[in-house]
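A.B. asks: Protein sequence lines, in the order shown, are assigned to chains A and B. For the first sequence, full-length UniProt numbering begins at 1 and goes up steadily by one. For the second sequence, full-length UniProt numbering begins at 1 and goes up steadily by one.
Among these hints, one or two may not hold up.
To be verified - Sample of chain A residues facing chain B (criterion: CB under 10 Å; computed from the structure):
no. : residue
1   : Ile19
2   : Ile29
3   : Thr74
4   : Thr119
5   : Met153
6   : Val155
7   : Ala272
Hints in this document: simulated from the structure, not taken from any laboratory. Note that the Cβ used here is the ideal one computed from N, Cα and C, for glycine as well.
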Amino acid sequence: MLRHLLRRAAGFAVTFLLISVLVFCMMEIVPGDPASAMLGTSATPETLAALRAQMGLDAPAAIRYLRWLGGLATGDMGVSFTYGVPVGGLIRERLAVTLPLTGLAVLLAVGIALPLGVTAAARPGGVADGAATLYAQAGIAVPNFWIGLLLIMVVALGLGWLPAGGFPGWDQPAAALRALLLPALALAIPQSAVLTRVTRASVVEVMNEDFVRTARAKGASVSRALWRHAVPNALVPVITMLGLQISFLIGGAVLVENVFTLPGMGRLAWQALAQRDLIVIQNVVMVFATIVIVVNLGVDLLYTVVDPRLRRRA
Amino acid sequence: MTALAKVSGASFRLRRPGRAALLVGGILTAVLVGVALLSLVWTPEDPARMRILQKLKGPLVSGLLGTDHLGRDVASMLMRGAFNSLTTAFAAVGLGAVLGTLAGVAAAARAGFDAVLMRICDALFALPPILSAIMLGALLGPGALTAIVAIGVFMIPVFARVTRGAAMQIWARDYIMAARMAGKGTARITLEHVLPNIAGQVIVQVTIQLAMAILTEAGLSFLGLGLPPPAPTWGRMLAESQTYMLQAPHLALAPGLAIAAAVLGLNLLGDGLAARLDPRRRQAS
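Build the full structure now, drawing on both the sequences and the hints.
C.D. replies: Right, here's the structure in full:
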């Protein structure tokens with residue numbers, strides 16, 4: 001078990017370092033000097049040199065890379081050129097929107113997919129199965145930002161039930177949750193379609209296994225065999241898919257935050273591009289990528305908790 | 001084994017593969033490709049032609065699908081948008097498929113290369129295309145190249161995983177041993193035996209990834225990271241529709257439905273093809 005954990009942690013470290021080198025190198029070759037961007041064209045060479053020294057831009061690339069890595073660990077990621085505030089604080093502020101948004105989307109996706117997939121699997125070829133298959137096909141095909149637009153048109157502007165955009169802040173928790181509900185739903189629908197399909201396929205497979213048949217032969221009802229025996233054993237592929245989807249969820253968050261004008265990480269990255277605030281782009285991308293690999297590491301470790309067979313093998 | 005490797009491509013595909021999926025998917029895809037090609041020689045109007053007096057007209061009032069805020073014909077923009085969307089998607093998937101397949105078969109052929117490759121794949125897969133596009137956007141500016149590279153690079157690990165797994169199965173076969181004993185080298189065996197035997201799975205994956213690429217391209221265009229104006233793209237049409245949601249809801253409906261139909265068609269086609277070309281699926285069905 002310990003060896004398995006160590007191997008996973010080492011894999012995580014290598015992936016993290018590879019991404020950090022990739023991101024650093026890409027931002028390194030972007031034309032334009034942050035110091036001259038801050039000072040404008042009228043700056044004297046002396047002022048420019050002084051600011052470059054102050055920002056640490058005069059150091060060799062390798063040193064700057066190591067400083068950046070150290071800064072990532074301590075949260076000291078430099079100062080945003082456009083906002084004039086520390087990037088670390090900016091990211092923390094925006095994560096307070098993006099993390100609850102994606103968390104809520106995952107909850108909604110699981111909340112839709114699990115009952116739908118399991119009901120479909122209870123009677124393959126039945127009406128519920130047909131409906132679930134249709135939902136899965138359609139849900140995967142529609143872009144989340146389009147669902148967002150439709151939800152704004154119908155639920156926010158048409159019915160007036162929920163806000164069409166903006167975020168009031170967490171000092172008003174109820175209003176904040178209401179503001180996140182539609183964007184989370186827009187993110188959740190395509191994810192739930194994928195999850196429905198995986199859940200259904202996985203439960204159907206497990207329902208055909210001997211231990212479920214034994215449970216049925218011993219008198220367990222269909223729903224008990226399904227929920228008590230089949231579903232817990234069918235969860236590994238579902239959890240795997242959840243882990244894989246984090247990458248798509250984050251990409252989706254960038255889009256959906258822009259549709260609903262939510263002040264999250266995705267909108268920050270997009271605005272930073274418009275303002276060429278390179279230091280913000282570099283750190284936001286790195287934080288997002290770290291979230292993706294941490295979630296995948298977590299999923300890998302979760303297998304061992306969920307599936308005893310894997311625990312023994314590990 | 002990492003999380004990505006644990007889910008086979010099958011999970012993304014239709015449950016009941018076969019003729020219906022192939023037929024419906026084939027028809028939708030043929031219509032998409034047909035419309036895209038037709039737009040090169042004919043559209044009802046010039047998609048870039050602005051007629052301010054005709055702006056925000058509803059479907060059938062002016063043209064089949066109405067006009068946008070600049071009086072451009074929505075149907076014509078959708079048609080040319082199909083071409084723009086497909087070409088970007090094809091180029092991106094081509095990039096991902098070629099590099100990914102090369103990496104996958106190389107990893108299967110040489111064990112030493114395998115671990116390194118899988119780590120690089122993990123790293124590439126941790127960067128969602130939209131984030132890569134934002135970084136590339138800073139480097140190259142928004143445009144087709146940014147979209148193609150961002151989507152294509154994300155697809156390299158997908159193709160590498162699929163081809164690596166498939167190629168490893170081929171390498172374990174007896175006829176490979178026979179080929180080795182006949183004196184064939186690794187490169188020649190890969191070319192003559194491995195690649196032809198995994199081609200079916202690559203074709204299936206290309207179809208499915210085309211659907212993903214169309215979705216992602218629409219997202220990038222929505223953010224302004226795709227083809228620059230005046231070239232019409234489905235994503236930008238949706239972005240522009242946001243301002244006129246109340247006056248002209250049709251502007252938000254048509255491009256969204258076009259994206260959904262294109263993605264649905266390619267997904268179904270991929271599934272139908274999988275039932276025929278992918279040996280694992282053939283055995284399963």
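A.B. asks: If a hint holds in the structure, say so; if it doesn't, say that too.
C.D. replies: The hints, checked one at a time:
| no. | hint | result |
| --- | --- | --- |
| 1 | Ile19 | holds (5 Å) |
| 2 | Ile29 | holds (6 Å) |
| 3 | Thr74 | violated (22 Å) |
| 4 | Thr119 | violated (14 Å) |
| 5 | Met153 | holds (5 Å) |
| 6 | Val155 | violated (12 Å) |
| 7 | Ala272 | holds (8 Å) |
Hint compliance for this structure: hints 3, 4 and 6 are broken, all remaining hints hold.
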